[in-house]
Amino acid sequence: MPSPLIENTVNFVKEKLRGAEAGHDWFHTERVWKLATKIAENENCNSDVVEIAALLHDIADPKFHNGNESLALEISSEFLTDQDVPSEIIGQVLFIIKNISFKNRNETPKEIPVELKIVQDADRLDAVGAIGIARTFNFGGFKNNIMYDPGLPPQLDMTKEAYKKSNGTTINHFYEKLLLLKDLMHTETAKKIASERHDFMLRFLEEFYKEWKAEI
1 MPSPLIENTV
11 NFVKEKLRGA
21 EAGHDWFHTE
31 RVWKLATKIA
41 ENENCNSDVV
51 EIAALLHDIA
61 DPKFHNGNES
71 LALEISSEFL
81 TDQDVPSEII
91 GQVLFIIKNI
101 SFKNRNETPK
111 EIPVELKIVQ
121 DADRLDAVGA
131 IGIARTFNFG
141 GFKNNIMYDP
151 GLPPQLDMTK
161 EAYKKSNGTT
171 INHFYEKLLL
181 LKDLMHTETA
191 KKIASERHDF
201 MLRFLEEFYK
211 EWKAEI
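Per this note's numbering, the sequence shown starts with residue 1, numbered consecutively.
For the record, the hints were derived by calculation from the structure and aren't laboratory data. Given the structure is predicted, the values throughout are model-derived calculations rather than measurements. Mixed in with the good hints, there may be bad ones.
As the list claims (entries may be wrong) - Straight-line distance between alpha carbons at most 27 Å, and here's what the computed DSSO-like set of lysine-lysine pairs gives:
hint, residue 1, residue 2
1, K117, K192
2, K63, K143
3, K110, K16
What the hints assert, rightly or not - Label pairs and their computed distance ranges (CB to CB):
hint, residue 1, residue 2, range
4, R203, N68, 31 to 41 Å
5, K34, N8, 13 to 23 Å
6, E211, S3, 41 to 51 Å
Backbone N, C-alpha and C fix where the C-beta goes; we use that ideal spot for every residue, glycine too.
Using the sequences and the hints given, assemble the complete structure.
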């Protein structure tokens with residue numbers, strides 16, 4: 001049975017994410033939470049920090065809040081303080097939320113705690129494979145991005161600011177992010193899962209291009 005704190009956090013996040021874009025809604029958070037919990041079983045870590053951070057990691061995604069990267073930290077800090085969570089735990093959770101994003105990967109300290117590795121792995125796993133494909137096309141539709149344009153090549157090695165402003169095609173996003181994630185996993189558990197999901201995405205792309213060219 002989840003602890004009262006975890007139950008309260010689940011209820012808080014469900015309410016906060018009511019009506020969120022489908023790729024970053026409660027169900028995304030729930031999947032990340034479940035994956036992080038399973039990965040943590042094979043790691044020497046603080047499981048409470050892992051669960052709380054996984055639940056709060058997308059409480060206020062900056063791309064849906066005018067790029068505000070402080071809002072999630074403020075909301076999480078206020079909630080955890082109200083729950084009488086020790087300041088040390090709050091600090092660890094906020095560190096994970098601040099550093100989990102793919103776009104911030106070049107700003108993250110080289111030495112990071114295992115709890116961040118676990119939650120980051122879980123979040124990245126939800127961006128690859130069948131679910132990752134579905135989320136990518138859902139978000140592309142949400143932004144009314146073009147699915148694919150052979151005349152628009154992927155933009156590799158984008159700066160953080162360029163990545164945030166990018167309105168490239170949905171297929172390009174595979175090359176700009178999704179296909180890079182396999183080699184960014186930290187834990188052995190995540191590496192195995194990511195490898196399988198990575199291969200699935202490659203098969204999808206192969207079929208996509210075949211159909212796009214009207215090959216029989």
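Which constraints among the numbered hints does this structure fail? Numbers only, ascending.
Those not satisfied come down to hint 3.
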